[in-house]
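Number of protein chains: 2
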Amino acid sequence: MDKVKVGINGYGTIGKRVADAVHQQEDMELIGISKTKPNYEAVMAQRMGYNVYTPSDKTSKMKDGGIKVAGTVEDMVNEADVIVDATPKGVGEKNKELYEKAGVKAIWQGGEDHEVAGFSFNADSNYNEAIGRDYTRVVSCNTTALCRLISNIDREYGVKKCRVTLIRRAADPSDIKKGPINSIVADPVKLPSHHGPDVQSVIPSIDISTMAVKVPNTMMHIHTVNMELKNDCSADDIKNLLAKNPRMHYLEPGITSTSETMELARDLGRPRNDMWENCIWEDSIDFYEGELYLLQAVHQEADVVPENIDAIRAMCELEKDADKSKSKTNKAMGIGTK
Amino acid sequence: MDKVKVGINGYGTIGKRVADAVHQQEDMELIGISKTKPNYEAVMAQRMGYNVYTPSDKTSKMKDGGIKVAGTVEDMVNEADVIVDATPKGVGEKNKELYEKAGVKAIWQGGEDHEVAGFSFNADSNYNEAIGRDYTRVVSCNTTALCRLISNIDREYGVKKCRVTLIRRAADPSDIKKGPINSIVADPVKLPSHHGPDVQSVIPSIDISTMAVKVPNTMMHIHTVNMELKNDCSADDIKNLLAKNPRMHYLEPGITSTSETMELARDLGRPRNDMWENCIWEDSIDFYEGELYLLQAVHQEADVVPENIDAIRAMCELEKDADKSKSKTNKAMGIGTK
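Top to bottom, those sequences are chains A and B. Residue 1 is where the first sequence starts when you use our numbering, and the numbers rise one by one after that. Residue 1 is where the second sequence starts when you use our numbering, and the numbers rise one by one after that.
Where hints are given, some of them may not hold.
For chains that are exact copies, the list does not tell them apart, and a pair is met inside one copy or across any two.
Claimed, not checked - Taking lysine to any residue pairs in the SDA-like style, the calculated list, with each CA pair at most 20 Å apart, reads: (1) K161 x E291; (2) K190 x E282; (3) K338 x I255; (4) K239 x P253; (5) K161 x E228; (6) K190 x D237; (7) K94 x E115.
Simulated from the structure, these hints should not be mistaken for lab results.
Construct the entire structure; sequences and hints are all you get.
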């Protein structure tokens, strides 16, 4: 089978990671990425040997900045079988017309509304429904981690109700524009936070309520999770269940924080110290008055990356079996082995 | 009736605030405070006109530091009717022998275990049980805020179950020793956090589970609260109920964070920008699938202060009616009017 040709529109936090992951897959060809500025990320893309495309009106600026331009974004879209849109929130929606015109498949990220794609994706939740689709949205980092967790437990023991508080990092490590510096922000004040409805866009049957705050931290989110289950099981049953999934990672002894988890990722030699897995405190998994409780940390920059790869594989019908796709993705990226 | 003589053992974050609050009450006399170091807080106490007592082995150091010493800590304890122990966590327990020997009543703070006093106090929860007692523990800032909220709602509508996540400030504003700088800490990893059992030390009948994280912030805690109630009511019923209690403060329009709440306190002209009340986002109060949700912020340095005053009044039988004591405390401190 010919490799599927993938273009990455937008080469920021998510785009550059998805590009690398596509580049690692045996059944995919990275035809190029797009950048609008000749900044260090464009330079790095070029150094990686990736074709750099740009909007036509940016061509001279890019060339002036020392970037060899492979063509326009339209050229990339026309050449691709599928585009992963990792442009800033709100921009992706505007690109839809371009993808429709070119008749190319497209994947948006969680910053866009469900309606842009009409279908929201998580590999552990609804891989089969993505098969052959033209448009898909890979949900955000928090929603991805929740969908994984809920789907795995729901399949085995049935999830009756889920109550989650998300303690969200305020900004990404390289973000120099955002606060807060010394504050806890109720975000949003009006409940629920968007994460609950967002999970329901992937798993419509789930009863979930979410509240969220934003804190002065660039290193990962933490979720405090409460679940009522339909079927009886023990904490050990849950521990054993989650241990089977390579996208669930039990944090190593002595780690109590997100910053130590990022230090672990560096020690593990992870590219960009990415933790693609739900990072779960195994000791936190417990039942109280018949309800399940646990704590997990989520690397906001990384956990959606393998999901994008699986979405490509489903949409382009490279693999009809969810588990096989996830295994291919995991193996190529080193998830569960690195 | 003669004024009750109150001594404050330990003049740090809580002690200095309780001293000021005692000083404001018509039925109490602040006989003095204790300090072990001649630092700026000792200087400020002296400037306030408070008698400064010190352990006998610190007397010369205090005098060398320019502090006029009124006597030893033993002298203060012997002269007092009741001691508010606001010494660092763990030290209070060691002081118990001293109080027993002097036959003086004593109040400890939430840093000590319930067992030190054998009784844990919140004015909204169990004032009557404190009447005439020799020993009482005023629970910590987080537990105080939870007890207030739960007791008020429980009395009116019955609380069946309570699930809370606490997002805790890492350090007080003047604390130069503590982290984290850029991290979210699962504290504790093993659930539940101590807050649930702590609430139960005041309200034993309550079914409550708590999880907690620590974040890089010095300005207040936030609680995300979920409650199942026994009796039907609407969000407006809850809003109206809490509005009646001066120790519940609905945050002003546009405030979404703890740092803005502290800015509000400064604008309100509060002493030390103290918010003694539970700071609640009225817009967050809502029902989802029959369960109550809300967000509240807690000023870690301030909310226990009026509780200490009410504890003194109950223990010394200055007032047998909880509401009247709370009104006196509120009026003298400016709670509900400032």
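(request) Up to 20 Å between alpha-carbons, please classify K190 paired with D237: within, between, both or neither. (result) between (36 Å within a copy, 17 Å between copies)
(message) When Cα atoms must be at most 20 Å apart, do K161 and E291 count as within-copy, between-copy, both, or neither?
(response) both (10 Å within a copy, 12 Å between copies)
(request) First find the shortest C-alpha distance between K338 and I255 inside one copy, then the shortest across copies, and answer within, between, both or neither for a cut-off of 20 Å. (result) Intra 18 Å, inter 44 Å, cutoff 20 Å: intra-copy only.
(request) Could you place K161 and E228 in one of the four classes (within, between, both, neither) given a Cα distance threshold of 20 Å? (result) Cα proximity of K161 and E228: in one copy and across copies (5 Å, 13 Å).
(message) Within, between, both or neither: how does the pair K190, E282 come out at a Cα-Cα threshold of 20 Å?
(response) Close across copies (9 Å), not inside one copy (32 Å); limit 20 Å.
(message) Within, between, both or neither: how does the pair K239, P253 come out at a Cα-Cα threshold of 20 Å?
(response) For K239 and P253, only the intra-copy Cα distance (15 Å) is at most 20 Å; the inter-copy one is 44 Å.
(request) Give the relationship of K94 and E115 under a CA distance limit of 20 Å: within one copy only, between copies only, both, or neither. (result) within (13 Å within a copy, 63 Å between copies)
Violation of the numbered hints given earlier is absent; every hint is satisfied by the structure.
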